[in-house]
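J.: Read top to bottom, the protein sequences are chains A and B.
Under our numbering, the first residue of the first sequence is numbered 3, with each subsequent residue one higher.
Under our numbering, the first residue of the second sequence is numbered 3, with each subsequent residue one higher.
Hints are computed from structural coordinates only; laboratory data are not their basis.
Any given hint could be a false lead.
As the list claims (entries may be wrong) - Label-pair distances were calculated between CB atoms; the ranges are:
| no. | chain 1 | residue 1 | chain 2 | residue 2 | range |
| --- | --- | --- | --- | --- | --- |
| 1 | B | 399 | A | 169 | 35 to 43 Å |
| 2 | B | 197 | A | 119 | 18 to 26 Å |
| 3 | A | 150 | B | 257 | 36 to 44 Å |
| 4 | B | 399 | A | 234 | 54 to 62 Å |
| 5 | B | 399 | A | 214 | 28 to 36 Å |
| 6 | A | 110 | B | 370 | 30 to 38 Å |
| 7 | A | 101 | B | 95 | 53 to 61 Å |
| 8 | B | 218 | A | 324 | 37 to 45 Å |
| 9 | B | 399 | A | 196 | 26 to 34 Å |
This structure is a prediction, so every number in the text was calculated from the model and none was measured.
Here a beta-carbon is modelled for each residue, glycine too, at the ideal position from N, C-alpha and C.
2 protein chains.
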Amino acid sequence: MSDVPETRAAILAVGSEMLGPLRQDTNSLWLTARLEEIGIRVVRKSIIGDDPAVIVRELETASSEASLLISTGGLGPTADDVTAAAVARWLGAPLIRNAEFVARMRARFEARGVRMAAVNEKQADFIEGARVLENPRGTAPGFWAKKGECEIVVLPGVPSEMREIMEQSVLPELVRRSGGVVSRRRILRIAGMGESAVEELVEPVYARWKQHPVTILASPGEVQLHLYVRGEPDFAETTVRAMEEDFRSVLKERIFGGDGEDLPSAVGRLLRDAGKTLALAESCTGGMAASLITDVPGSSDYFLGGVVSYGNGAKESLLGVAPETLSSRGAVSEESVLEMARGARERFDSDVAGAITGIAGPGGGTPEKPVGLVWFGIADRDGAATAKRRYFVGDRTHVRRSASVHALELIRRHLVGWKSPDA
Amino acid sequence: MSDVPETRAAILAVGSEMLGPLRQDTNSLWLTARLEEIGIRVVRKSIIGDDPAVIVRELETASSEASLLISTGGLGPTADDVTAAAVARWLGAPLIRNAEFVARMRARFEARGVRMAAVNEKQADFIEGARVLENPRGTAPGFWAKKGECEIVVLPGVPSEMREIMEQSVLPELVRRSGGVVSRRRILRIAGMGESAVEELVEPVYARWKQHPVTILASPGEVQLHLYVRGEPDFAETTVRAMEEDFRSVLKERIFGGDGEDLPSAVGRLLRDAGKTLALAESCTGGMAASLITDVPGSSDYFLGGVVSYGNGAKESLLGVAPETLSSRGAVSEESVLEMARGARERFDSDVAGAITGIAGPGGGTPEKPVGLVWFGIADRDGAATAKRRYFVGDRTHVRRSASVHALELIRRHLVGWKSPDA
Numbered sequence: 003m004s005d006v007p008e009t010r011a012a013i014l015a016v017g018s019e020m021l022g023p024l025r026q027d028t029n030s031l032w033l034t035a036r037l038e039e040i041g042i043r044v045v046r047k048s049i050i051g052d053d054p055a056v057i058v059r060e061l062e063t064a065s066s067e068a069s070l071l072i073s074t075g076g077l078g079p080t081a082d083d084v085t086a087a088a089v090a091r092w093l094g095a096p097l098i099r100n101a102e103f104v105a106r107m108r109a110r111f112e113a114r115g116v117r118m119a120a121v122n123e124k125q126a127d128f129i130e131g132a133r134v135l136e137n138p139r140g141t142a143p144g145f146w147a148k149k150g151e152c153e154i155v156v157l158p159g160v161p162s163e164m165r166e167i168m169e170q171s172v173l174p175e176l177v178r179r180s181g182g183v184v185s186r187r188r189i190l191r192i193a194g195m196g197e198s199a200v201e202e203l204v205e206p207v208y209a210r211w212k213q214h215p216v217t218i219l220a221s222p223g224e225v226q227l228h229l230y231v232r233g234e235p236d237f238a239e240t241t242v243r244a245m246e247e248d249f250r251s252v253l254k255e256r257i258f259g260g261d262g263e264d265l266p267s268a269v270g271r272l273l274r275d276a277g278k279t280l281a282l283a284e285s286c287t288g289g290m291a292a293s294l295i296t297d298v299p300g301s302s303d304y305f306l307g308g309v310v311s312y313g314n315g316a317k318e319s320l321l322g323v324a325p326e327t328l329s330s331r332g333a334v335s336e337e338s339v340l341e342m343a344r345g346a347r348e349r350f351d352s353d354v355a356g357a358i359t360g361i362a363g364p365g366g367g368t369p370e371k372p373v374g375l376v377w378f379g380i381a382d383r384d385g386a387a388t389a390k391r392r393y394f395v396g397d398r399t400h401v402r403r404s405a406s407v408h409a410l411e412l413i414r415r416h417l418v419g420w421k422s423p424d425a
Numbered sequence: 003m004s005d006v007p008e009t010r011a012a013i014l015a016v017g018s019e020m021l022g023p024l025r026q027d028t029n030s031l032w033l034t035a036r037l038e039e040i041g042i043r044v045v046r047k048s049i050i051g052d053d054p055a056v057i058v059r060e061l062e063t064a065s066s067e068a069s070l071l072i073s074t075g076g077l078g079p080t081a082d083d084v085t086a087a088a089v090a091r092w093l094g095a096p097l098i099r100n101a102e103f104v105a106r107m108r109a110r111f112e113a114r115g116v117r118m119a120a121v122n123e124k125q126a127d128f129i130e131g132a133r134v135l136e137n138p139r140g141t142a143p144g145f146w147a148k149k150g151e152c153e154i155v156v157l158p159g160v161p162s163e164m165r166e167i168m169e170q171s172v173l174p175e176l177v178r179r180s181g182g183v184v185s186r187r188r189i190l191r192i193a194g195m196g197e198s199a200v201e202e203l204v205e206p207v208y209a210r211w212k213q214h215p216v217t218i219l220a221s222p223g224e225v226q227l228h229l230y231v232r233g234e235p236d237f238a239e240t241t242v243r244a245m246e247e248d249f250r251s252v253l254k255e256r257i258f259g260g261d262g263e264d265l266p267s268a269v270g271r272l273l274r275d276a277g278k279t280l281a282l283a284e285s286c287t288g289g290m291a292a293s294l295i296t297d298v299p300g301s302s303d304y305f306l307g308g309v310v311s312y313g314n315g316a317k318e319s320l321l322g323v324a325p326e327t328l329s330s331r332g333a334v335s336e337e338s339v340l341e342m343a344r345g346a347r348e349r350f351d352s353d354v355a356g357a358i359t360g361i362a363g364p365g366g367g368t369p370e371k372p373v374g375l376v377w378f379g380i381a382d383r384d385g386a387a388t389a390k391r392r393y394f395v396g397d398r399t400h401v402r403r404s405a406s407v408h409a410l411e412l413i414r415r416h417l418v419g420w421k422s423p424d425a
């Protein structure tokens, strides 16, 4: 570990439109993640309107809590856009129109065959003494200025422009200055089991790495473990790798993927590597599992298709489920789900097929088959077929989402040939 | 309109966990929407850590910009939870442990067969002089206090608890005080056309209602018009109704629904009312349209099912598309989409069937059939079948989502028997 003190950052989102009930400030999440990676901790976030007095007051407050301020928004050409003027006022520096930049802007507009409106000239008003941060994706440049021990980075609010300026001009400089202290994060992703079951499994490992924060995050059908180490690059990398290995030693094949890879992509990779094809039969999930699979670009290489057999008629005519099975066992049963899986495999002539049938609610539950009960089936070209049952707690959306993810996880486990003792 | 000045509110979310890159503060969006409905405007939002000095400073800053402060979070039993103490410090009031409340808490724990931990007693530390807001869903009560002209409402961070206290104790009181000034909002929802096309249509109406804010919001496949009127209840209601009528007079059947009803529900309502059934055949959307339809509880009453015919084999075997059509015209063509729609209608024996085939990208585009091209087909039991083509701009996710929504909109227009001149 390192003794270099963490830089504390504050993020200001400027824009009255973000104070309504409909817009979320997403820039600050991205900024927080990127800053955290280089060891900078965000201690304050605020959203304020386009009012110079309010902006100046917020800069005062924020600068008492953080040594790096990052503002987004309010650099546009309209009268509403007052961030540059407010920052200049806070710094005690004048705004000076840059004639050369006006000419460059005009040339850029003309290259697109558009006459530049007079209001745009305002975007060439530079804060004296501030470093100008070029904006390759838009008109308004950013600024980087210093006031005492505090620094401020002023960025446009358009996410793509903000990100580009950060990546090109701001983050590399911050890394250089950090004296080599960085953060390393690893994400381990697990499906098919609940948060508490994961917690129980990893508890002994967790205890061994107490000095580094490990966060457990749950979403419908998925649990993520975030491992986080701060220090010099070698130390951070070695440590996070050792942590990962330790967690993997107990979680084993339960981990479907790491940082970048989601479950549909992991399933797709396994199918592609094995040269196998997949088909699906869905009842309660109504196409959601197929939609997840086909979210992945190139999924047509291995996904042949699916049947959404919402009514019993479709289960019979399109999947070949026997009417007697449906009448004697019900549509939500081990027998039905196995026939659905076999039927889908045959109709699509796929190597593997998955089937889902359950009660998503809010209606349709009975004491024997309550809302949340879902049967999963998998059929293979070699004739093997397995069924599993699971109860999901939550509303219709949650049950459908959890069941869709769970189906993909069972297909993944089938593909890697892993028999879990706990799912 | 009314001359009562708008109350300005500031929202403070307290909690270090919300300063990481993974958590979004969602309470503030809900609060903003509910406050706006009763004519209170949010002018500032902030997220700060669990640090008393920081909280006090933020209350200072916020109270200079707003006369109503609402804080969420930091009322739990652990050492981290310091909001009540910080607010008390800002007010200059002591925290006093309420013995009666301790006894009540203990009784509640015991009723659940759990012994109350000693740390929980902290949640009985009341701010002297503040009104205590009962929390029917949790342990920590809220507070309502006054400092000069400024009022502060202190709420727990758990969304369900925060909402319940607002609905039960805070909002009714704020309405009473507003001197009868309220806000009325109407949402008109439109699918099947772009934002600029909607803007062009409504421009003359828009101009007639300049004094009341109208916001246009676009999401993939959908455009929303938000009409907003503030004033006395009768005035606000009459005016927003007149505005709505005026907008409806130009938008006509393009409006699929209002405030609460989304497009899948609107389609479901039309099918149910007409006693008709629906089936789907999807290629590029991969089950997303079926998933949207089946998100609606009770959709099994009218949705028979769908085929996700991702490969050409499935288009032939499960939908009966002729191999010659696929080879001569291609899977993304007017002829193929019509055969898909007819095939789905016959296989499921539904009254109506919709079909979607297109190129979602990023691969698979050609100069004649670029990424974003999608064909839609609708077949009816009476033998009628129509096809429409559309180009969507955006990435794979955007094209798939837009195409799924567009398909539902075309089905809706078919059901209401409306021939649009522009979509």
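J.: Please test the hint of 53 to 61 Å on the beta carbon pair from residue 101/A and residue 95/B.
T.: 58 Å, holds
J.: Hint says 36 to 44 Å; check whether the CB-CB distance for residue 150/A and residue 257/B agrees.
T.: Given range 36 to 44 Å: violated, Cβ gap about 56 Å.
J.: Determine whether the Cβ-Cβ distance between residue 399/B and residue 169/A falls within the hinted range of 35 to 43 Å.
T.: Check failed, 22 Å falls outside 35 to 43 Å.
J.: For residue 218/B and residue 324/A, compare the CB-CB distance with the range 37 to 45 Å and indicate the outcome.
T.: 53 Å, violated
J.: Is the gap between the beta carbons of residue 197/B and residue 119/A within 18 to 26 Å?
T.: Given a distance of about 21 Å, which is inside 18 to 26 Å, the answer is holds.
J.: Is it true that residue 110/A and residue 370/B lie within 30 to 38 Å of each other by Cβ?
T.: 33 Å, holds
J.: Between residue 399/B and residue 214/A, is the Cβ distance one that fits in 28 to 36 Å?
T.: 34 Å, holds
J.: CB of residue 399/B to CB of residue 234/A, is that within 54 to 62 Å?
T.: Roughly 39 Å apart at Cβ, these two residues miss the hinted range, so it is violated.
J.: Confirm or reject the claim that residue 399/B and residue 196/A have a C-beta distance inside 26 to 34 Å.
T.: The hinted range 26 to 34 Å holds for residue 399/B and residue 196/A, with Cβ atoms some 28 Å apart.
Hints 1, 3, 4, 8, counting from the list given before, are not met by this structure.
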